[in-house]
Amino acid sequence: MSGVRLLILASWLLAVSFAWPAPAQERLAVIVNAEREDQLSIEEVARIYLKQRRFWSERESIVAINRDADSDVRKAFTERVFGDEARRLNAYWNRQYFKGVLPPLTLASDEAVRRYVSLEPNAIGYITESWLDASVRAVLFLPPANPSSP
Amino acid sequence: MKPGMPDILRRFAGRSAAKTRGLPSRPSFPPVLLAILLVLSGTATNVDSARAKEPQNTLPVERSEEPLFSLDSPIGPIEYQLGRGLRFGRTGLNIGGFATLEIEKERNENSRFSVEGINFLVLLQPIQPLRIFMELEVGKLYSVDMHTGAAESDATLNFQRLFGEIGLNDAFNVRLGKFQTPVGRWNLAPAEPFVWTATDPHILESFDEHTTGGVVHGSVFPSTGSFNYWLFGQVAAFDPEDDEEPVDHTAGGRLEYSADLGTWSVGSSLLASQLDQQWGYLAGLDGQFNYGPFELTSEFVYLWGDLEDPFRWDIYIQGVMEVLPNLYLVGRYEHTGGLAREPSLNLGDVGLTWRPVPFLDFKGTYRFSDERSDDVFEGFKASFTVLF
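Residue numbers (my numbering), protein chains in the order written: chain P, 1 to 150; chain F, 1001 to 1388.
Since the hints were made in silico from the structure, they are not lab data.
Treat the hints loosely; a few may be bogus.
[Unchecked claim] Only part of the chain F face toward chain P is listed, based on derived beta-carbon distances under 10 Å:
1) N1057
2) G1083
3) Q1125
4) I1127
5) L1136
6) Q1180
7) L1188
8) A1189
9) S1223
10) S1226
11) D1260
12) L1285
13) P1293
14) R1355
15) P1358
Where a beta carbon is used, it is the ideal one built from N, C-alpha and C, also for glycine.
Please work from the sequences and hints to get the whole structure.
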């Protein structure tokens, strides 16, 4: 590879890394269907994603949607919602498996999560804030993991 | 392509469009980089065009966490994930389970290797508030004396659990069938892959592992904690072979408070049981505390009545520490005493548990005992369990 190409590639990577914050540096929006009026605390979101809380206030079953396990958005969400307790999640879901409870299903992109939540009245999901639009309603914003990040 | 890359390309496209419309943009990109961006924005536009062709009014297809394989079908993706089973699309059917191998060397006995059993976990959730759950155990598959080579197989098939449940809201769920007796902490998930030692605490002999009848249970969420309750009763033993001498009828309840997503929790249980016209009663307390790599668990039960004339009590305390990533050091002390248990019994268990990945579990435990009898195991036990 020539020096010019290397320079171009390096410039591009540098520009991308500076111009657009990674999910860990961007706020995450916990979203519900636009017609829902619920407000949720971070503890309630955690309980929903642990399937401890399974119903909306009007007795409809909650459909929680996760991002795929390897995504940066998922890692940022887990870190911000569960904190140090994230280390025990595998053991927790193993025990739930024995009880007949499976973890939330996943979607592979913020766009898919937003579309799913906009179409499914009982769904809840999370996306990076820049993907937020009027088709869904944000019930909680999760701050960047590192407060000193832009 | 790395996950999330399309998002980046989409943003590139937006920036380029702003530039061509004369809108303000960052002035610091060199011309070469701008050329690259324009090329990439063309690619991104194509990606967006492709997205635009996707039906925007249909639900995206949800997937399991990390499927080993996935097969698209008219009922949705049929996926298999290690440790989470085989999911049949949107039918709500999931079939998985776990299998256990054991090696034990009891004091003054030969070592034995056994294929302890395969337990199938079948979940059917056709609509959200309703679920049907079954644990079917194919047990005692194979056992061999490792010194004499004498082997035996006495395969059994029994329904460890089989129940239907409907939830009206978080605070009120009704379950009918055969289920784990909700007494104490260990018995809520007592199977090999979900506990820290290859040996079980003696306290489990204080009540039947399963109840056949009904249970009403639920949760309420004050502040950052949760209250969980269970009220249950047994009308008949569905599978009498499972427990050696199952009681005829039971009625009981459990109340549990968990704080901060389970950082610590306390529980209490009450149980009344009838066997051959005689009654026995149990009152229990239990708790668990987690801090960093440490976990501390304790249970206490007090039994009295005709079945435990006049009384007996049992307590254990167990500590777990993650000494290396996924490697856990475990210790447990247990004492059983009371006038119905003379002389008293003291048990000590020490061991290591290794969970290299969430669906594999290796355990080795040595048990010390101050009683020499056929009723009390003393020696070494190791197990290997795979969740499938």
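So, going through the hints one by one against the coordinates:
Residue-level restraint check for F:N1057 holds (minimum Cβ-Cβ distance to chain P is 7 Å; threshold 10 Å). Because the smallest distance between the Cβ of F:G1083 and any Cβ of chain P comes to about 7 Å, under 10 Å, the interface hint for this residue holds. Proximity of F:Q1125 to chain P holds as hinted, the smallest CB-CB distance being about 9 Å (cut-off 10 Å). Checking F:I1127 against chain P by beta carbon gives a least distance of about 9 Å; that is within 10 Å, so the hint holds.
Checking F:L1136 against chain P: minimum C-beta separation of about 13 Å lies over 10 Å; hint violated. Interface hint status for F:Q1180: upheld, as the beta-carbon distance to the closest one in chain P is roughly 8 Å, under 10 Å. Because the closest C-beta pair between F:L1188 and chain P is about 8 Å apart, less than 10 Å, the hint holds. Hint on F:A1189 holds. Least Cβ distance to chain P is approximately 5 Å, under the 10 Å limit.
Satisfaction of the interface hint for F:S1223 is found here, the shortest Cβ-Cβ separation to chain P being roughly 8 Å, below the 10 Å cut-off. For F:S1226, the interface hint holds, since its Cβ comes within 10 Å of a Cβ in chain P; the closest pair sits about 6 Å apart. The criterion of a C-beta within 10 Å of any C-beta in chain P is met by F:D1260, whose closest approach is roughly 8 Å, and the hint holds. Interface hint status for F:L1285: violated, as the beta-carbon distance to the closest one in chain P is roughly 21 Å, over 10 Å.
For F:P1293, the suggested interface contact is upheld, since its CB lies about 8 Å from the closest CB of chain P, less than 10 Å. Taking 10 Å as the C-beta contact cut-off toward chain P, the hint placing F:R1355 at the interface holds, the least distance being around 8 Å. Satisfaction of the interface hint for F:P1358 is found here, the shortest Cβ-Cβ separation to chain P being roughly 4 Å, below the 10 Å cut-off.
In summary, the structure is inconsistent with hints 5 and 12 from the numbered list given earlier, while agreeing with the others.
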